[in-house]
Each structure stands twice: as C-alpha cells, then as structure tokens.
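Asks: Whenever a hint applies, use it, and build me the whole structure from the sequences.
Residue numbers (the working numbering), protein chains in the order written: chain A, 1 to 71; chain B, 1 to 332; chain C, 1 to 382.
Quick caveat, the hints were computed from the structure, so don't treat them as lab data.
Below 20 Å or equal to it, Euclidean Cα-Cα: the simulated DMTMM-like pairs (lysine to aspartate or glutamate) are: (1) C:Lys23 with B:Glu317; (2) C:Lys23 with C:Asp59; (3) B:Lys128 with B:Asp53; (4) C:Lys23 with B:Asp241; (5) B:Lys134 with B:Glu97; (6) B:Lys128 with B:Glu97; (7) B:Lys134 with C:Asp126; (8) B:Lys128 with B:Glu23; (9) B:Lys128 with B:Asp37.
To be clear about the criterion: a stretch of chain B counts as covered by chain C if any three or more of its residues have a C-beta under 8 Å from a C-beta of chain C, and this derived list gives those stretches: (10) 308 to 314; (11) 322 to 328.
From the three backbone atoms N, C-alpha and C, an ideal C-beta is built for every residue, glycine too.
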Amino acid sequence: MCLAVCGRILSISTAAAGDPALWRCAEVDFDGLRQTVSLACLPQARIGDQVLVHVGLALSVVRDDVVRDDP
Amino acid sequence: MAEHILLGHGGGGSLMQELIATELAPLYCDPVQLGLDAAILALPHGRLAFSSDASVVQPLEFAGGDIGKLAVIGTANDLAMVGARPLHLSVSLILEEGLPLALLRRLVRSMAAAAIDTGVTIVAGDTKVVERGKADGVFISTSGIGLLDSPNPITPQAISPGDQLLLSGDLGRHGLAILAARHGLDLQPSVASDCAPLWPQVQALLAAGAEPHGLRDLTRGGLGSVLVELAEASGCDLVLDEPALPLAPGVAASCELLGLEPLHLANEGRFVAVVPCDRRAAAEAVLAPGGGRWVGAVQAAASPQPQVRLRTALGSERLLPPFSGDMLPRIC
Amino acid sequence: MTWCVMTREAPARPFMPQASPGKAVAAVVADLQAIRTRRWTLMGVCGGQTHSIVRWGLDQLLAGAVELVHGPGCPVCMTPAHTIDQALALAMHRGVVLCSFGDMLKVPGSHRGSGDLLQVRATGGDVRVITRPSQALELARAHPERQVVLLAVGFETTAPAIALLAEQVRVLGLSNLSLLLAQARVVPAMAAIAAAPERRVQGFLAAGHVAAVMGQGELEQLALQRQIPVVITGFAPLELLQGVLACVRLLEAGTPRLHNAYAQVVRQRGNPAAQALLRQVFSVADGPWRGLGTVAAGVLQLRPSYRHLDARLRFGLGAGGAGACGEAEPRCRADQVLQGVLRPTACPSFGVACTPHHPLGAPMVSAEGACAAYLQRSSRHG
Numbered sequence: 001m002c003l004a005v006c007g008r009i010l011s012i013s014t015a016a017a018g019d020p021a022l023w024r025c026a027e028v029d030f031d032g033l034r035q036t037v038s039l040a041c042l043p044q045a046r047i048g049d050q051v052l053v054h055v056g057l058a059l060s061v062v063r064d065d066v067v068r069d070d071p
Numbered sequence: 001m002a003e004h005i006l007l008g009h010g011g012g013g014s015l016m017q018e019l020i021a022t023e024l025a026p027l028y029c030d031p032v033q034l035g036l037d038a039a040i041l042a043l044p045h046g047r048l049a050f051s052s053d054a055s056v057v058q059p060l061e062f063a064g065g066d067i068g069k070l071a072v073i074g075t076a077n078d079l080a081m082v083g084a085r086p087l088h089l090s091v092s093l094i095l096e097e098g099l100p101l102a103l104l105r106r107l108v109r110s111m112a113a114a115a116i117d118t119g120v121t122i123v124a125g126d127t128k129v130v131e132r133g134k135a136d137g138v139f140i141s142t143s144g145i146g147l148l149d150s151p152n153p154i155t156p157q158a159i160s161p162g163d164q165l166l167l168s169g170d171l172g173r174h175g176l177a178i179l180a181a182r183h184g185l186d187l188q189p190s191v192a193s194d195c196a197p198l199w200p201q202v203q204a205l206l207a208a209g210a211e212p213h214g215l216r217d218l219t220r221g222g223l224g225s226v227l228v229e230l231a232e233a234s235g236c237d238l239v240l241d242e243p244a245l246p247l248a249p250g251v252a253a254s255c256e257l258l259g260l261e262p263l264h265l266a267n268e269g270r271f272v273a274v275v276p277c278d279r280r281a282a283a284e285a286v287l288a289p290g291g292g293r294w295v296g297a298v299q300a301a302a303s304p305q306p307q308v309r310l311r312t313a314l315g316s317e318r319l320l321p322p323f324s325g326d327m328l329p330r331i332c
Numbered sequence: 001m002t003w004c005v006m007t008r009e010a011p012a013r014p015f016m017p018q019a020s021p022g023k024a025v026a027a028v029v030a031d032l033q034a035i036r037t038r039r040w041t042l043m044g045v046c047g048g049q050t051h052s053i054v055r056w057g058l059d060q061l062l063a064g065a066v067e068l069v070h071g072p073g074c075p076v077c078m079t080p081a082h083t084i085d086q087a088l089a090l091a092m093h094r095g096v097v098l099c100s101f102g103d104m105l106k107v108p109g110s111h112r113g114s115g116d117l118l119q120v121r122a123t124g125g126d127v128r129v130i131t132r133p134s135q136a137l138e139l140a141r142a143h144p145e146r147q148v149v150l151l152a153v154g155f156e157t158t159a160p161a162i163a164l165l166a167e168q169v170r171v172l173g174l175s176n177l178s179l180l181l182a183q184a185r186v187v188p189a190m191a192a193i194a195a196a197p198e199r200r201v202q203g204f205l206a207a208g209h210v211a212a213v214m215g216q217g218e219l220e221q222l223a224l225q226r227q228i229p230v231v232i233t234g235f236a237p238l239e240l241l242q243g244v245l246a247c248v249r250l251l252e253a254g255t256p257r258l259h260n261a262y263a264q265v266v267r268q269r270g271n272p273a274a275q276a277l278l279r280q281v282f283s284v285a286d287g288p289w290r291g292l293g294t295v296a297a298g299v300l301q302l303r304p305s306y307r308h309l310d311a312r313l314r315f316g317l318g319a320g321g322a323g324a325c326g327e328a329e330p331r332c333r334a335d336q337v338l339q340g341v342l343r344p345t346a347c348p349s350f351g352v353a354c355t356p357h358h359p360l361g362a363p364m365v366s367a368e369g370a371c372a373a374y375l376q377r378s379s380r381h382g
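Replies: Given below as structure tokens:
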C-alpha cells in the first residue's frame with residue numbers, strides 16, 4: 001500500500017467559504033513536479049516544510065533532525 | 001471557406017479540391033503531385049527500405065510537437081533504424097468532421113517543417129473525413145521509403161554476446177510531455193517532447209565505422225519494450241547498468257509520484273544502438289554530444305528464455321518488469 | 001542526471017550518507033551477517049515494501065541471512081473478489097462513472113471469464129483511472145447528471161483521503177458521488193498471521209506509511225501479545241535494510257518488541273488529525289480479506305451519517321459476506337501465499353498456468369503482488 005512521496009510546501013491557501021480546515025491546500029514541489037495537496041490532516045504544516053504525501057493528502061511532516069537509534 | 005472540416009471535404013468534389021489546394025498544398029514541394037493518383041519517382045540505385053506508421057496521439061498538440069510532426073519524423077526514424085536515409089513519404093489524413101481549420105493549418109505547417117528538417121519530400125497522400133465522434137480530431141498514416149546506406153544488415157540476428165548497448169540521449173521526455181498534457185501535470189520547468197530526426201546521428205555512426213548490429217528507436221513501450229524484443233529476436237540476455245541510464249529532468253520525480261516505470265515511457269527522438277565491443281569508443285564519441293552514453297552489454301542467455309536484466313547501484317540485479325501496454329499509475 | 005532514486009531527495013538525512021549508496025547498503029548487510037546466528041524469516045507486510053525489495057534486489061543482498069516473505073498488504077491481492085464483481089457490474093451501468101486507482105484495473109473478478117475493469121472499459125463501461133480521490137470529487141461536480149462511484153480500496157494510509165472525500169461530499173450536499181468501500185486495517189491481518197499455528201514468520205517489517213497515520217500503539221500491542229518483533233520501516237532500500245537489521249537485532253536478543261526505524265516520518269501518536277477524521281467517518285468491523293478469510297476488526301465501514309454514500313446501498317448491490325472471498329479458480333493458492341506459508345515458487349501453477357498476462361488469482365496481477373514479485377527476480381539468483 002502506500003506509495004507516498006516527499007515534497008516541499010511552496011504556498012498554502014484555503015477555500016473562500018466553508019470550514020477552512022477541510023479545504024486547506026498547499027502547492028507542493030516534488031523535485032520539479034508541482035501539485036496541489038490537501039493539508040486537512042496537517043493543520044500544523046507551514047511553508048517550507050517537507051511533507052509526506054499519499055494520493056493528494058499530506059500525512060506527515062518529515063523531520064530531518066531525527067537521529068537514528070538502534071534497538 | 002468554412003472554419004471547420006465538413007463531411008463534404010472528404011467527398012471527392014469541389015469542397016475537397018478546395019481543401020487540398022488551399023490547406024494541404026504546403027505539404028508537397030512539387031505541386032504537380034497534387035494532380036496525380038500516384039507519385040512517380042526516380043530512385044537512386046541500391047537497396048530500398050520501406051516503412052509504415054499511424055499516429056493517433058492525444059492531445060493533438062503538446063509541448064515540443066504535435067501529431068503531424070510525430071507522423072513525419074516517426075516514419076523517417078523507422079527508416080533510419082535500418083540504416084536507410086529517408087527519401088519520400090506519403091501522408092494520409094483521416095479528419096474528423098468539426099476539426100477546426102486553424103488547427104489543421106498548424107498541423108500542416110508543422111509537417112512541412114518536419115519534412116524539411118528530416119530531408120524528406122512528401123510525394124503522395126490521401127484525405128478522408130469521418131463523422132463527428134469517429135476520429136479523435138485527426139488520425140495520420142504515413143509510409144516512407146529510404147535508401148540503405150549501411151553495407152551490413154542491421155538486424156537483431158546480428159546481435160551477439162559481447163556487444164555493447166548505447167543510448168543516443170536521455171529518456172522519457174516525450175512520454176512525460178504527453179502525460180503532462182493529458183493529466184494537467186504542472187512541471188517546473190516544463191518538459192517538451194524530444195521528437196526529432198534520428199538519421200543525422202545514425203549516419204554519423206555508420207560513417208564512424210560503428211557497424212551497429214542493432215538500432216531501434218524507443219517509441220511506444222520505451223526502452224524497456226525495445227530491449228525485450230531485441231532479447232527475444234537475438235536469443236541473448238541484455239544487461240543494463242541502471243545508474244548509467246540517463247533520465248530527463250522531472251522524469252524520475254514524476255514516475256515516482258505516479259508509480260510509473262520510467263523505462264516504459266515513450267521517446268520520439270532517441271534510439272538504442274547495439275555495437276560490437278571494439279566499436280564502443282567510436283560510437284560513444286558520436287553520441288556523446290547529444291547526451292548519449294553507454295548503458296549496458298549483451299551476454300549469452302543464462303536461461304532458456306532470454307532476459308533483460310538491470311544491475312542496480314547496489315550490485316543486485318532485477319528483471320525488467322513486464323509491460324503489457326497499459327501505463328497505469330499505482331497508489332500502492 | 002542519472003537514475004539513482006536510492007534515497008528520498010532533500011532534505012539530507014543525517015544518518016543516510018549521500019555518497020556511495022552501494023557502500024552504505026553493503027555496510028548494513030555486513031553488520032547483519034556479523035550479528036546473526038541463524039537464518040531468520042521476516043514478513044514485509046506492505047506491497048510498497050515488496051515493490052522496493054524487488055526493484056532493488058534486496059533479497060539477493062540478504063540471501064542466506066534473511067528470508068523476506070511478502071505479506072498480504074496490497075489492495076490488489078486482498079480486496080475481496082466480490083467487491084471486484086460489484087465494481088465490474090457498476091462500471092457496466094449506464095449513467096455510472098467508475099473511478100479507480102490504476103492498481104485495480106487488471107484484477108479479475110470471482111467468475112472465470114468475468115474480465116477486469118480494463119476489459120469493461122473496452123466494451124463501453126465508463127472507467128476512469130485516478131491517482132487521488134479529489135479527482136472523483138471534481139468529476140462529480142463537473143457532471144451532476146452522472147453517478148460517480150469511487151472504488152475505494154487501500155489501508156490506513158489511503159483511508160484518511162477517503163474519509164476526507166466523504167466529509168467534503170457530505171458538506172457539499174452532493175448526491176452523485178458514492179463509495180464502493182474496501183478499506184482494510186493492516187494490524188489485525190498481521191495479528192491473524194502471527195496467530196496461525198503453522199506460522200513461519202519470525203518478525204514483521206511494518207508498513208511505515210500506515211504507521212505515519214496510525215502511530216505505534218497498535219503495533220506495540222501486537223509485538224507484546226504475539227511475542228514477535230515488529231520494526232516500522234521506510235521504503236527506500238537503505239531504510240528497508242536498516243529496518244531488517246533492527247529486526248534481526250531484536251530476534252538475536254530475544255526481545256519481541258516494537259522498534260521504529262522510520263522516525264523521520266512516524267511519530268509515536270501518528271497523525272491525530274487523520275485519526276480523528278477516520279473515527280468521524282468510519283467504524284471498525286470484522287470483514288473479508290481475499291486469501292485470509294474474515295479478519296476480526298480487519299475492515300472499515302461507513303458510520304450511519306455517511307451511509308448514504310455507500311454505493312452498495314445506493315445501487316442495491318448487497319454487502320457480501322465472508323464467503324465472498326472464495327476463489328473461482330481452485331488452482332489458486334493465494335491464501336497460503338499471503339499468509340507466508342507457501343513460497344510462490346513452490347506453487348505448481350507459478351509461471352506456467354499462472355502469469356501476469358493470465359493470472360489465476362490476485363497475487364499474480366500487479367507487480368507488488370507476492371507472486372508477481374517472485375517472477376521479476378533474475379533467474380541467475382533463483
């Protein structure tokens with residue numbers, strides 16, 4: 001399942017009417033391919049964030065400061 | 001004159017004559033051809049190559065080309081792939097009732113320019129009109145003849161273990177341009193089709209003594225499908241060095257996002273050359289200025305069924321995934 | 001630019017060296033060989049992991065050290081055949097636009113000769129390939145005279161997008177979009193496999209993107225209750241191999257617990273907003289997985305306030321029960337393959353009567369399917 005790709009948020013917008021959280025979207029750059037992605041599940045996402053996207057929905061903000069720990 | 005194609009334009013009467021004289025004449029460098037049922041040609045001595053093609057691409061116009069340019073260059077490239085200099089083409093148009101004349105004019109201009117670019121003359125043709133809804137705008141069928149320049153036959157049976165595989169340029173531009181046009185993909189920078197004549201590079205390869213055992217352009221089905229056909233026809237395994245494969249900018253990211261296999265994307269201005277091992281350097285020198293490079297080698301088949309194998313950057317190997325003909329994006 | 005999509009593009013990962021990916025991978029494999037005392041059998045649950053393993057030949061690099069078994073976490077393999085039959089029937093319906101992800105277009109139905117969605121399209125059915133549920137919404141708004149049906153397959157990675165679509169349709173008051181739901185939950189299927197008496201799987205590689213949504217809690221419980229190590233992995237080859245190494249470490253230490261090897265994406269709590277949306281739209285139920293039978297708490301169903309979006313109700317199709325996952329093709333051994341009990345190469349039909357062009361069952365249909373994946377392994381490596 002789950003072909004998801006990371007991209008960077010370039011801009012954020014909301015619909016003029018209705019619940020802003022439901023319609024909040026971002027223009028995301030995937031290495032040259034730009035797509036509109038829903039931020040309905042990432043209210044904390046900001047411009048410049050790297051996000052993981054699956055079927056047009058951002059699911060997680062990628063953190064590049066995480067240090068790997070071994071079990 | 002009407003602004004759209006009407007059924008009458010294919011009826012054989014005055015409407016059709018007007019269409020040919022006004023809109024299609026620019027395709028033919030010799031206006032005498034317009035009045036004949038068949039072209040009469042004086043051909044140079046030697047062996048001739050003959051090829052036929054149909055173009056049904058959608059959309060009709062896209063970044064870097066259109067269906068007309070594709071049709072002319074496509075057939076010329078098929079001739080180049082057997083080592084023949086393209087000479088003459090026929091162009092048959094099936095037009096859909098309602099096709100805007102402005103669009104037809106653009107396509108005709110494009111075909112005429114492609115013919116000049118390719119060094120061919122369009123000497124014969126036909127025009128039909130079908131009812132609205134029966135032809136997706138335009139279908140174009142082209143046939144072409146060329147003069148064989150290569151002393152040795154370029155057939156896959158000549159391919160042997162030890163031969164080297166070279167690409168003439170980067171992969172995926174045309175396929176991606178079409179995908180972008182069809183699905184409204186926003187590519188920054190935008191990607192244009194690589195549709196271009198291949199004879200100049202082929203001629204240079206032959207002149208440099210590369211003695212290719214195989215030449216194939218990488219149209220529908222991409223490099224992947226061509227290699228499968230070559231493996232089957234030659235009875236040899238083809239092994240690609242995956243990190244060496246040049247992908248055009250935007251192709252890797254788009255394929256990853258959509259879940260597509262880059263090796264199955266169509267190219268309209270690229271070919272693969274299979275050359276003897278001792279001709280590899282000469283071939284590389286010819287192809288490098290256009291972005292071409294070495295990408296793999298031919299080996300004796302390791303199993304009863306010849307395979308196309310890819311050696312990954314990790315040192316492992318995988319088989320080329322099968323391609324039935326449908327480019328289907330995946331989510332999984 | 002040459003083709004080496006080994007790791008995710010920027011940002012740079014502090015623990016993933018950019019230079020020489022081959023060396024980094026070889027180092028992980030060397031570590032693994034150094035610490036292992038026997039050959040271990042791990043199941044990668046997710047079709048995305050299968051794709052990466054095959055695409056990078058990771059099983060070759062691990063040969064002898066670890067056997068990687070491909071699990072049932074692929075919508076092509078586990079969507080009940082009955083659901084496919086319903087999708088085919090709807091696609092042939094005049095007035096219906098059937099939207100589907102590309103993965104599902106070549107999956108055969110339960111009756112021999114029933115064809116697939118591509119064949120229905122060829123004979124006049126309006127079947128549209130989409131890559132995101134929002135395209136179904138756009139279609140419905142653009143064509144109020146048509147009934148748009150989304151074949152909504154997938155797992156918890158896809159479920160939030162389906163839930164979002166359902167909520168948007170409800171808010172907009174659209175009456176011409178419905179869902180043919182086949183959303184499944186991964187952890188219950190893992191629990192069923194772990195509970196099987198003839199289980200060969202000794203450790204799980206859990207799907208990183210499902211965990212990005214659902215968090216770690218359920219997986220922690222699974223590891224504890226079934227006493228089996230579970231490692232959450234990413235999908236790039238280095239990420240996967242680091243996950244395998246972590247799992248082998250747990251096995252060697254005899255520590256059956258959860259380890260998160262994809263911390264850059266997966267948080268302990270997962271994605272709370274996505275989970276809230278899932279709870280709002282769906283409830284959990286027992287339901288069929290093709291090849292596994294009924295899985296307790298294994299599927300999602302629409303809550304009452306969204307039931308008007310259920311395509312089965314709207315078109316009077318019937319729910320289809322546990323018996324709906326039987327195969328019409330008796331030679332297909334998908335159930336044993338998907339539970340990790342039978343290696344596909346040991347199936348008598350493998351590559352002979354059953355190929356991607358003529359699949360007997362679902363696992364041979366797509367490249368992520370457990371059986372099709374084995375076909376792509378170079379014959380030189382067996």
